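Keeping their order, the protein sequence lines are chains A and B. Numbering-wise (numbering that gives the first Met the number 0), the first sequence opens with residue 0 and increments by one. Numbering-wise (numbering that gives the first Met the number 0), the second sequence opens with residue 0 and increments by one.
It should be emphasised that the hints constitute simulated quantities derived from the structure, not laboratory data. Keep in mind that this is a model prediction, so the values were computed, not measured. A portion of the hints provided could be inaccurate.
[Claimed, not checked] Dumping the calculated DSSO-like pairs for lysine-lysine here, alpha-carbon to alpha-carbon at most 27 Å:
(1) A/Lys-21 / A/Lys-147
(2) A/Lys-3 / A/Lys-147
(3) A/Lys-66 / B/Lys-205
(4) A/Lys-317 / A/Lys-3
(5) A/Lys-39 / B/Lys-205
(6) A/Lys-169 / A/Lys-226
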Amino acid sequence: MDKKLILAIETSCDETAAAVIKNGNEILSNIVASQIESHKRFGGVVPEIASRHHVEQITVIIEEAMKEANVTYNDLSAIAVTEGPGLVGALLIGVNAAKALAFAHSLPLIGVHHIAGHIYANQLITDLSFPLMTLVVSGGHTELVYMKEHGSFEVIGETRDDAVGEAYDKVARTLNLPYPGGPHIDRLAASGEASIDLPRAWLEPDSYDFSFSGLKSAVINTLHNAKQKGIEISKEDLAASFQESVIEVLVEKSKRAATEYDVKQFLVAGGVAANKGLREKLKEQFTELGIELVIPPLYLCTDNAAMIGAAAFVHLEKQQFTSYTLNGNPGLDLEND
Amino acid sequence: MKALAIDTSTFVMGVSVVDGDQVLGEVITNLKKNHSIRLMPAIDELMKDTGVRPNQLERIIVAHGPGSYTGVRIGVTTAKTLAYSLGIPLVGVSSIEVLAQNGRFFNGVISPIFDARRGQVYTGLYGDMNGEFTNIARDQICLVTDWASHLNSQYENVLFLGNDISIHKEIIIEKLGDKVQFGQISDHNPRPSELARVGIAKEPTKDVHSFTPNYIRLAEAEANWLANQEK
Ligand SMILES: [Zn+2]
Numbered sequence: 000m001d002k003k004l005i006l007a008i009e010t011s012c013d014e015t016a017a018a019v020i021k022n023g024n025e026i027l028s029n030i031v032a033s034q035i036e037s038h039k040r041f042g043g044v045v046p047e048i049a050s051r052h053h054v055e056q057i058t059v060i061i062e063e064a065m066k067e068a069n070v071t072y073n074d075l076s077a078i079a080v081t082e083g084p085g086l087v088g089a090l091l092i093g094v095n096a097a098k099a100l101a102f103a104h105s106l107p108l109i110g111v112h113h114i115a116g117h118i119y120a121n122q123l124i125t126d127l128s129f130p131l132m133t134l135v136v137s138g139g140h141t142e143l144v145y146m147k148e149h150g151s152f153e154v155i156g157e158t159r160d161d162a163v164g165e166a167y168d169k170v171a172r173t174l175n176l177p178y179p180g181g182p183h184i185d186r187l188a189a190s191g192e193a194s195i196d197l198p199r200a201w202l203e204p205d206s207y208d209f210s211f212s213g214l215k216s217a218v219i220n221t222l223h224n225a226k227q228k229g230i231e232i233s234k235e236d237l238a239a240s241f242q243e244s245v246i247e248v249l250v251e252k253s254k255r256a257a258t259e260y261d262v263k264q265f266l267v268a269g270g271v272a273a274n275k276g277l278r279e280k281l282k283e284q285f286t287e288l289g290i291e292l293v294i295p296p297l298y299l300c301t302d303n304a305a306m307i308g309a310a311a312f313v314h315l316e317k318q319q320f321t322s323y324t325l326n327g328n329p330g331l332d333l334e335n336d
Numbered sequence: 000m001k002a003l004a005i006d007t008s009t010f011v012m013g014v015s016v017v018d019g020d021q022v023l024g025e026v027i028t029n030l031k032k033n034h035s036i037r038l039m040p041a042i043d044e045l046m047k048d049t050g051v052r053p054n055q056l057e058r059i060i061v062a063h064g065p066g067s068y069t070g071v072r073i074g075v076t077t078a079k080t081l082a083y084s085l086g087i088p089l090v091g092v093s094s095i096e097v098l099a100q101n102g103r104f105f106n107g108v109i110s111p112i113f114d115a116r117r118g119q120v121y122t123g124l125y126g127d128m129n130g131e132f133t134n135i136a137r138d139q140i141c142l143v144t145d146w147a148s149h150l151n152s153q154y155e156n157v158l159f160l161g162n163d164i165s166i167h168k169e170i171i172i173e174k175l176g177d178k179v180q181f182g183q184i185s186d187h188n189p190r191p192s193e194l195a196r197v198g199i200a201k202e203p204t205k206d207v208h209s210f211t212p213n214y215i216r217l218a219e220a221e222a223n224w225l226a227n228q229e230k
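Can you build the whole structure from these sequences, using the hints too?
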């Protein structure tokens, strides 16, 4: 088998990342420069600051990825880059750097959907078997995506308000936990008791959609009421109760979707896939169902370029390339990718 | 020396290819269209037309700001990535200095302006000093009233250049009276061939990796954060 190498770039949010991927499933290098330390002081990602950091980092990270993979531009088959969705100013840095590389070395250019990337992170640890279902959970996304074959994405359900990660961050803020709050809630929840009654948004019986804004408000109200009555609420218990509500809905809908669509594999993708509570519950439930469950290791769940290189390989095999008019597209649609 | 020059600091998009003392070609538009979509196709076409291949380039020159944050970043990202991956020198030139070149033969000082909203402009002062066309007052952001008053107290002949002049023309005339002149329509677009000429004469940046735009201003969030730290 001949080897096909893709240099992939990802700058959709606050990580400047580049990777070299062989044949869509082997990581030769995977470099990620996180800006989180810079954004912490603002309590969240500031788009203009993110764009500025990307410009500072972009060629350093690309060079590191090329060096670590020990390849030259002549060895590459294509340049891939996240086209969207994401912060438009941040996306533009990756897109323009990718175009410059493609032009300088006469290489084909591939635009990749960020969520397709998250899903294909799974291909870096195992072969995908179709049909499959993916639960995408991150700071910006919560959706169930059905794939009948490579490169085909059908969103069967998505959040109608906040993304899971967003709900975690907002609840963490009301508990005065540092940004980003997700991991802190997960940690607190592990030592708490889910003793506080919080709502679960099941929506219509046949719906695969999600909603987390009501739950978030319920947490805020619970804290507020307790404060007015002068009652002390255990942060651990509140975190555990919140997490239980989130996980119960995510896992139940995942199970129903996997069963109804009769899938061979169930994948988890996105930064929230790092959540221990979610991982454990999914493992337990999918073992019972007898459906293969794949959850990438932490470094492939959070934003990285290796996943973009994995998703781009499908386009390379089909010779689907983009022209130099490629632009950052913050609202890019997954289904028409 | 074969060089490629890029300017996307304002609505004006400019690309030029020069070889030694010849301008082989330049593309320039003044349109409210997305630079990210149009820049690389323009570079590709101009390079093909002039018969220069990427690996023949010996220098990349870019207008590094001030200007539109996003616009400047598109040009700088493209330029630094080209320079790094082709292993050739990169030169940054002030976007204000590029526009000032259109007044090179004016007998007086030249103030190119880009609108920066809320009565402010990005500007700087350029002109002839001891037979050399050079920077006289550093690039800055300032209120156009303050700037025009300052120029009125210091200089006799001032030329204003830039596509945003109409926004500030009244105040400038009020402050400078008959000391001021304005460029003609064809003087207001920064020319990419001028960028190339200026860039060839300058020293390349020492480290392509750490090359960044000259925004002049901190990001708003950062400025607010710093102000809070001082309290
Ligand atoms: Zn992501």
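Query raised in the report: What hints, given by number in increasing order, does this structure fail?
Result: 5
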